Structure formats: structure tokens, C-alpha cells
Amino acid sequence: MARKKKKKGGALTLILLIVPAALIVLPTTILFGIGMIPTIVAYVVDRDPDKSAPITVGGLNFCGCMPFAIDLWKHQHTIGAAAKIFADPLAWLVMYSAAAVGWGIYYGIPPMVAGMEVTRAEKRVEVLKQKKVALVQEWGPDVAGDYFDESGGMEPDAEMANA
Amino acid sequence: MPSDAQTGTMGAATAAMANAEPVKLAERYEIQPGAPIPLLNAVGGNAFTAKALREKRIEPFAIICHASVLPRMDICSTVGSLDNATNMRLLDWGLVDWPQDRGRRFCLVFERPGGKRLMGSLTDTLDPMPEDQLTRQIVHPLVSALKELSSRGVVHGAIRPTNLFYRDLASGTLMLGDCVSAQPGYGQPVLLETIERGMASPAGRGTGTMADDLYSLGVTLLILALGRNPLAGLDDEAVLQAKMERGSYPALVQQHRLPLAINEVVRGLLVDDPKQRWTLNDLDLWVAGRRLSPKQPQISRRAARPLEFQGSEYWHCRTLARAFARHAPAAASVIESGELDKWLRRSMGDDVRAEAVSHAIQTASSGKGGTQGDRLVARVCIALDPTAPIRYRGRAMMPDGIATMLADAFLRGESPQAVAEVIANQLPMFWVNVQSDFKPEFVPLVQTFDQLRGFLDRSSHGLGVERMLYEMNPTMPCMSGLVVKQLPTSPAELLRALDWIAAGGERHKDPIDRHIAAFLGARHKRGDELLFTQLGSGVEPMRRIIAMLTILSDIQARTGVDGLTHLASWVVAMLDPAFRRFHNRPQQQEVRKMADAAAHNGRLTELLKVVDDPDALRRDRLEFEAAQIAYREADAEMDKIRHTIADRNSIIETSGRQVAAIVSSLLSTLLVAGIILFFAF
Numbered sequence: 001m002a003r004k005k006k007k008k009g010g011a012l013t014l015i016l017l018i019v020p021a022a023l024i025v026l027p028t029t030i031l032f033g034i035g036m037i038p039t040i041v042a043y044v045v046d047r048d049p050d051k052s053a054p055i056t057v058g059g060l061n062f063c064g065c066m067p068f069a070i071d072l073w074k075h076q077h078t079i080g081a082a083a084k085i086f087a088d089p090l091a092w093l094v095m096y097s098a099a100a101v102g103w104g105i106y107y108g109i110p111p112m113v114a115g116m117e118v119t120r121a122e123k124r125v126e127v128l129k130q131k132k133v134a135l136v137q138e139w140g141p142d143v144a145g146d147y148f149d150e151s152g153g154m155e156p157d158a159e160m161a162n163a
Numbered sequence: 001m002p003s004d005a006q007t008g009t010m011g012a013a014t015a016a017m018a019n020a021e022p023v024k025l026a027e028r029y030e031i032q033p034g035a036p037i038p039l040l041n042a043v044g045g046n047a048f049t050a051k052a053l054r055e056k057r058i059e060p061f062a063i064i065c066h067a068s069v070l071p072r073m074d075i076c077s078t079v080g081s082l083d084n085a086t087n088m089r090l091l092d093w094g095l096v097d098w099p100q101d102r103g104r105r106f107c108l109v110f111e112r113p114g115g116k117r118l119m120g121s122l123t124d125t126l127d128p129m130p131e132d133q134l135t136r137q138i139v140h141p142l143v144s145a146l147k148e149l150s151s152r153g154v155v156h157g158a159i160r161p162t163n164l165f166y167r168d169l170a171s172g173t174l175m176l177g178d179c180v181s182a183q184p185g186y187g188q189p190v191l192l193e194t195i196e197r198g199m200a201s202p203a204g205r206g207t208g209t210m211a212d213d214l215y216s217l218g219v220t221l222l223i224l225a226l227g228r229n230p231l232a233g234l235d236d237e238a239v240l241q242a243k244m245e246r247g248s249y250p251a252l253v254q255q256h257r258l259p260l261a262i263n264e265v266v267r268g269l270l271v272d273d274p275k276q277r278w279t280l281n282d283l284d285l286w287v288a289g290r291r292l293s294p295k296q297p298q299i300s301r302r303a304a305r306p307l308e309f310q311g312s313e314y315w316h317c318r319t320l321a322r323a324f325a326r327h328a329p330a331a332a333s334v335i336e337s338g339e340l341d342k343w344l345r346r347s348m349g350d351d352v353r354a355e356a357v358s359h360a361i362q363t364a365s366s367g368k369g370g371t372q373g374d375r376l377v378a379r380v381c382i383a384l385d386p387t388a389p390i391r392y393r394g395r396a397m398m399p400d401g402i403a404t405m406l407a408d409a410f411l412r413g414e415s416p417q418a419v420a421e422v423i424a425n426q427l428p429m430f431w432v433n434v435q436s437d438f439k440p441e442f443v444p445l446v447q448t449f450d451q452l453r454g455f456l457d458r459s460s461h462g463l464g465v466e467r468m469l470y471e472m473n474p475t476m477p478c479m480s481g482l483v484v485k486q487l488p489t490s491p492a493e494l495l496r497a498l499d500w501i502a503a504g505g506e507r508h509k510d511p512i513d514r515h516i517a518a519f520l521g522a523r524h525k526r527g528d529e530l531l532f533t534q535l536g537s538g539v540e541p542m543r544r545i546i547a548m549l550t551i552l553s554d555i556q557a558r559t560g561v562d563g564l565t566h567l568a569s570w571v572v573a574m575l576d577p578a579f580r581r582f583h584n585r586p587q588q589q590e591v592r593k594m595a596d597a598a599a600h601n602g603r604l605t606e607l608l609k610v611v612d613d614p615d616a617l618r619r620d621r622l623e624f625e626a627a628q629i630a631y632r633e634a635d636a637e638m639d640k641i642r643h644t645i646a647d648r649n650s651i652i653e654t655s656g657r658q659v660a661a662i663v664s665s666l667l668s669t670l671l672v673a674g675i676i677l678f679f680a681f
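Residue numbers (this note's numbering), protein chains in the order written: chain D, 1 to 163; chain Z, 1 to 681.
Among the hints, erroneous ones may be present.
Claimed, not checked - Dumping the calculated DSSO-like pairs for lysine-lysine here, alpha-carbon to alpha-carbon at most 27 angstroms: (1) Z/Lys51 / Z/Lys116; (2) D/Lys131 / Z/Lys640; (3) D/Lys123 / Z/Lys640; (4) Z/Lys51 / Z/Lys24; (5) D/Lys129 / Z/Lys640; (6) Z/Lys147 / Z/Lys439; (7) D/Lys132 / Z/Lys640.
To be verified - Computed footprint of chain D on chain Z; a stretch qualifies when at least three of its residues, placed anywhere within it, have a C-beta under 8 angstroms from a C-beta of chain D: (8) 582 to 588; (9) 629 to 642; (10) 654 to 668.
These are computed hints drawn from the structure, not numbers from a lab.
Small disclaimer: the values here were computed from a predicted structure and weren't measured.
Cβ coordinates follow ideal geometry from the N, Cα and C atoms, glycine included.
The shape of chain D in the complex, shown without the other chains:
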């Protein structure tokens, strides 16, 4: 209950701070609001609680919007200038291509990571297998047993077959 209250309080603070700021820099807000639609979409469609898709897409999408925002800040920080930017197809191409690269990373890197991780695990399994074989060679098959056999182990030849 307290956590819910804190969350509500945080959102309220955010609205109270960001909304006025967004209104003050409205051309920039419009630029990022339209330019980062792929990120907003990613946020909406990603069911992962960690929200890795908006993070992945958003970073590059932000980079795609950044040159136009600087251009806006350097020349005329007006709604018209912002509209002029959106009239240019290259601006759309840059902003949305950056977002596409983000999506590319989002879909391309995880399988690569999984492949690398499996390979690494398989190598580890191999090492562990060799360790077990070495233990059996040194101590006999009884080393795999659950009890300490007082009477002694098996014939030395049998251990390799078991291992």
C-alpha cells in the first residue's frame, strides 16, 4: 500500500515537473515526441518487466533525434522549425532508421549471446567430465558411490568402462 502511494507520488511529481518543462520547450518536446514513436511502441509492446526493448530501441532512437534537436536549438526553437524538420523525409529516415538499428540489436544480439553461453557451458561440462574421469581413474568407480566401501574397489580395468 505504501509502495503504491510512493509510486503515485512519483508519477505526480514527474507530471508536475516534466509537463511544465515540456510546455516550455514545446518544439523539442514535439520533435522527440514524434521522433521517438518507435520507442513508445517498444515500451508498449514489451511485456518484459525489465523493459529491455524500449531501453535498446530508445537509446539509438534518441541518438537519431539528437542531431535535429541540436539543429533546432541552434537556429530557431519554434514549432515551425520543428514542423520544417518533419517536412524533411531525411529527418524521418534518420530518426526511424536509428530506431530500426535498435530493434536490430534487440533481435540480433540475444541469440548470439545464447549461442556463446551454450558454447561456454558445453566447455565447462567437458571440463567437469574430464574431472570425473580423472577421479574415477584415481579412486576407482566407487568414488561415484554414496558410501565408503570398506572392502575395496573394483578391478582397475573396469573403471575406464564405467567412466
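Got chain D; can you put chain Z on it based on the hints?
Here is chain Z on its own, set in the frame of chain D:
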């Protein structure tokens, strides 16, 4: 019955011996296996030509004891030290390698008599010896010889005309033959034994007493005085029957007329009651010229009416007891019906005997082994005839002959069961209890048999009838099938014999069997008896072989027998379970190498230290447990990894996405920085 002077034909075995190399007895005497002397053969073994290697003046001959006869090695040193010309001089004794059976035999080296045997056989006839010759040639020397034997506590047990030899051809003096190649009375014909000893089996007559020797001397004198055996036509059974019914003197002398003086001494020596029989002192007095009043033969009590048994009539307790012993099942029914009790009380009028029989019947149910009938008849026979031998399941033995009877059974490969049951059923104790005359020697006898019964009660290795055999017969060699050819008589010799066997490659059995365990238990008293309990077939092989090695190494350490390389190798070949106690394979190999090295040196103690090192075993155990844990951890980790990589999508969803976000974030940061820098400059 074995006989002296066996002039056997040259058999195949003898022919094989003809070319055999001479064998040496301790580098002192050389025996020629190819040169037998049949005329000097003894009951216990055959005679062979021998040569003294050191003292050339002596002309010896050797008796090689038969494998089935136990010589009296315990008295060899006493007999060897006798300083009396009447006894055949025992020069040396020991074990020799005998080519005939590729094993060892007991060997007795005697001074060779110059003349022949006085009588080749009891069936021979010779000129009756006149009184003075008998006195001079027989009585005088034999009395002095017996006095010396008596002073040393030795019973000769083989006084008979066929065991007297002419010392030399010229003087005509006689010498008494060997008494060590066989147990006392073993080779004695029934004629020359007392009634009681005559009833016993040859091997069960026991050591006896000087009185028994004097009885034999009496019969010997009678035979020589008559020039023949007075009962030559009768078999042993008939001789015994005649002695029992009429008494020894009347039965043997019959109507023959003996010289007066000789008749007196024969009558005195042939008294059946040992207390009434002439002693050495009486003989000494007689030799000195004093004449003693003749002893009247005692007639045993005769019943008013006979007891009919198995179609015969019995008037005396002794003859009835003898018949009972022969027909035990029929006797049991006569005893149980009360017929015997009635006969004893009414016809015999002997209430004391009847009470003894009644006590025998009451106590017959106690004891182990054999049937109730056998136990009953054995006890009743003892009660009926207390001085007779113990008769049980067809065997008859005096209480002091049980040991040799048991030894004889083992030497002949017969079952010792009946003899063992005699002790298990406490028959010697009952025999002692029914004796009318208490003798001090009965006390240790009873104690000994009580202790022996304890061995019989337990059947584990080192105990049982085998242990009883070696406890009762201190000179008995080990009868284990492994070493019997080597006749080891001490633990040290046993170790050497085992090493010899191992050298021949016979390693298919354990080096310690029941006989060897019992032999060591009896001869090596300082050993740990508990170790023997671990030698049974039900014990884990590893513990068994370690126990064997511990016993053998202890004996080697105490006896100082070195160089047992073959025995050590034999043990090493069996030590596989002990090696496998070490879980660490490299250490196992190391221990095997060390064991082989110890075996090569022939040191069993060193070998034991290698395979039964408690510190090394504890260390191995701890390390093995650590290895088990490491194995289990590796196993668990492998399972976990396999489980993880089995779900590839999960990796993509979790770490894959995280990595993508990180990569994207890093790239974005770099790009933002680049863009800012680009627009700033």
C-alpha cells in the same frame, strides 16, 4: 599286527630305491636307501645301512620310520643318553629327505648289533634256555637296563624275544632292541601284553608303566625257557580269552614244567594284578639270590548263574563287558531292560558293581556325539571292568593311549570322530571315577581331558579335534595335506615347509588350513588366539588373508626364520583384497610394488606393515571421502549446466536481452557524445 624282521621281497618301490643317492642326517650319518637290512627292520620302520661320517669306528644302521607310525621322539634324548650296554644304543635321530616318497621321514640311527635277532618270529622254536643262561643272559642285564630306564621315567614298551639281539657273535650277550620307533606296546603281540593292554588297540595302549614292561619280561622269560610260544596255535582273541578266564600264569604256563627258579620269577611277573606283580626291587632281590614266596593267581569273581548274551553264556564281568563292547546295540537293550542289574545283584552278588553300572546308566545321557546306545554301552563296559580300556564304537584305548590313538587315526587317514567322541562324552573322567584305586596321576589326566573338551566344543580354525591332536601329542608333526610330506614338528619347520611347498608352485590353497592353525595354536602359545577365529571360510577374504599374514609374520619374527621368499610370494598372490582396500589406484600400485619388494626379501613382517598400515589406510579413506564429495559436486554442476543450456529461449529472454540493452546503451552513449562533439566544433 606288524611284526619284526620282515623279510619282504624287493617290491617296485624298493627297486626304485636301489639307485637312490645316500641321504645325510645332519652331516653326521649317511644312510643308503639302496641298502636295506630286512633282518633289523623294526615295527616302526625299515632298517637301512648307515655310515658314520665323523666317528668312523662306529658301525651304525638306520631305521627309517614308516609314515603311518608316530615314533617316540620325546624320549629320544633320554634313550640316546642311556649308558647301558643292554640297550641298543641310539646314536642320532632326526628328519631326513627320503627319496622313496619325495618327502621327509623320521630317522633313528642305532649302533648295529653284531649278531642276529634272538627269535625271528614268535612262531619260531629254539632250544629251551637253561636256567643259568636265562638268568645270566636275560634277567641280569635286563634288570639293570630296566632300572636305568625306570630311573629316567621311560617305559620300554617293546620287550619281547623278537626284539632281543646278540650284541656280538662271540660272547653271546644280548641287547634290548629299539623302543623309540613306535609307541609303547604298538608292536607287542597280545601274548606279551597284560590283559588290559592286550584288550586295547595297538595304538591305544598308552605309555603304560614299568609293571607292564615287567609283565612282558615275564612272558619273554617263559618263551625262552620253553623254547617256543606256549600259545602258538591260538590267535590274539583266543590268547586274551584264555588269559581272562584262567589268569595269565595258568593260561601261559599250562602244564609245562619250568626250572624252579625261573618258574618263581615267571609266576611273580605274570600276576595280573599290577599291585601284586613283582617290581624291579623284587627282581633285584631275586637276582641277589633271595627267594620270594610265590604269588597265588587271583581268580576273578564268578557268577552263580551265567548271563546269556548273543547265544553265549558269560560268567565273569570282564568277559561280559568285552562281549557288550562288540555288540553294542544288543547290549544296550540288555542294559535298558534291567536284566544286567538283576544278574549283577542276584547271580554275581556284587552290589558295588551293580551301583557302578546304575551310575553309568544314569550319566550316559550326558555328553555330545555318538548315539545314546554307544554312550551307554561304553560307560557300562567301564563300570563292569574298570581296569580295562575305554571301549567305544569298536575302538579300545587306555586313557593314556587316547592321544596316540588319535594320532594313529590321523596318520592312517582314518576318521578321528570316535576318539574325539570319547573325550566329548567324558569317558576318561568316568573311567577315573570308577577305579577302585586312586592314583595321583589321575588328577592331571582329568584336568587335561577337561581342557581338551573345551577345544572340541568349538570348531573354528585353531580348535576342534585337530587342536586336540597337537595338544595331546607334543611330538606330532603337522598333518596338513600341504606340508605332511615335510613332517614339520615346530613352527619354524612349518614355515620352511610352507616355503618349500610354495617353491613347487602349489599355491592353489590358503597357506593356513585347519591343521596348520591347530598346530600353530598348540606349538606357538604366544600367538593371538583371536586371529585364528578370522581364518574361517565365512570371514571376509581380506580379513582372512590379513589374519594369516599376521600369524605367519609373528612366527617368523619369533623364530627368526629368514628368506621365506616363496611363501611371501604365495601370500602376496592372495593379498589382492588387501591391496584393494587402498582406493587410490596409484597408491594401490605403489603398495603392490612395495609388497613385491618385501616378498622378494622374504620378510613377512615387512609385508604386513606394507599392506596393513593403519595410517596409510586412514589417510586413503579421508582422501577418498574428499574425492567422493568432489565427484558429487562435479556431477551436480554438470546437471545444473545441462539444465540451463537445455532452455535456449530462456537465455535469450534473460541475459540475451540484457546484453542487447547494454550494447545499445553503450552505443547510444558513444553516438550522443559524438553528435555533441560534432555540433560543438
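Against the structure, the hints:
| no. | hint | verdict |
| --- | --- | --- |
| 1 | Z/Lys51 / Z/Lys116 | holds (19 angstroms) |
| 2 | D/Lys131 / Z/Lys640 | holds (16 angstroms) |
| 3 | D/Lys123 / Z/Lys640 | holds (14 angstroms) |
| 4 | Z/Lys51 / Z/Lys24 | holds (9 angstroms) |
| 5 | D/Lys129 / Z/Lys640 | holds (13 angstroms) |
| 6 | Z/Lys147 / Z/Lys439 | holds (22 angstroms) |
| 7 | D/Lys132 / Z/Lys640 | holds (16 angstroms) |
| 8 | 582 to 588 | holds (count 6) |
| 9 | 629 to 642 | holds (count 8) |
| 10 | 654 to 668 | holds (count 12) |
Every hint, counting from the list given before, is met by this structure.
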